[in-house]
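Could you put together the complete structure from these sequences and hints?
All residue numbers for the sequence shown refer to the working numbering, where the first residue is 47 and numbers rise by one.
I should point out that these hints are in silico values taken from the structure, not numbers from a laboratory. Relax, there's no trap hidden among the hints.
Cross-link-like lysine to any residue pairs, in silico, SDA-like; alpha carbons within 25 Å at most:
| id | residue 1 | residue 2 |
| --- | --- | --- |
| 1 | Lys111 | Val130 |
| 2 | Lys111 | Ser131 |
| 3 | Lys111 | Cys187 |
| 4 | Lys111 | Ser89 |
Pairwise CB distance ranges, derived in the manner of DEER restraints:
| id | residue 1 | residue 2 | range |
| --- | --- | --- | --- |
| 5 | Asp60 | Ala121 | 33 to 43 Å |
| 6 | Ala162 | Glu95 | 36 to 46 Å |
| 7 | Pro160 | Pro55 | 23 to 33 Å |
| 8 | Gly159 | Ala121 | 20 to 30 Å |
| 9 | Pro163 | Arg64 | 33 to 43 Å |
| 10 | Ser178 | Asp67 | 12 to 22 Å |
| 11 | Pro163 | His188 | 11 to 21 Å |
| 12 | Asp179 | Asp207 | 11 to 21 Å |
| 13 | Gly164 | Ala56 | 34 to 44 Å |
Every residue gets a Cβ at the ideal spot worked out from N, C-alpha and C, and that includes glycine.
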Amino acid sequence: MSEPLYGIPAAMVDSARRVLDAACARGLSIVTAESCTGGLLASLLTDVEGASHAFERGLVVYSAKAKCELLGIAATTIDRCGVVSEDVARAMAEGALLHSDGDVALAITGFAGPGAPGDEAGLVHLACRRRSDGAVWHRECHFGDQGRGPIREAALGVALDLLETALA
Numbered sequence: 047m048s049e050p051l052y053g054i055p056a057a058m059v060d061s062a063r064r065v066l067d068a069a070c071a072r073g074l075s076i077v078t079a080e081s082c083t084g085g086l087l088a089s090l091l092t093d094v095e096g097a098s099h100a101f102e103r104g105l106v107v108y109s110a111k112a113k114c115e116l117l118g119i120a121a122t123t124i125d126r127c128g129v130v131s132e133d134v135a136r137a138m139a140e141g142a143l144l145h146s147d148g149d150v151a152l153a154i155t156g157f158a159g160p161g162a163p164g165d166e167a168g169l170v171h172l173a174c175r176r177r178s179d180g181a182v183w184h185r186e187c188h189f190g191d192q193g194r195g196p197i198r199e200a201a202l203g204v205a206l207d208l209l210e211t212a213l214a
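Dropping the structure here:
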């Protein structure tokens, strides 16, 4: 088992290594589009030695404006569905592929802490999309109001699971 990195549990580091090994074995590269995790997934994937060629790029798109400008998401989609929604997560994954040379995109959007009135703390949507066949996986998670760190870490675990599925 790996040593923990920056407080990330060793089991999660091992999961990241498996994801990168699978991408390397298939000659594929990963791109991330992160909101509530603020680049945590990209950081983890780039901390694993020997697999840098499997990570194409990471985009931190925290604001709605950034999602529109950097990923090409229509503002009307965000207005209609909400910035934390399945539609936006799927659009983020698609936009990440359209604006990169990556083969597999993982997108995360959620409320890691208190949002506006009526927003559910701990609600996170993740989407993973493969360029080759357009296959998309989505997960809606309700992690509860347990604080930013635990929610971000839980989202990271789901993201790695989705990436493993997409790379299988």
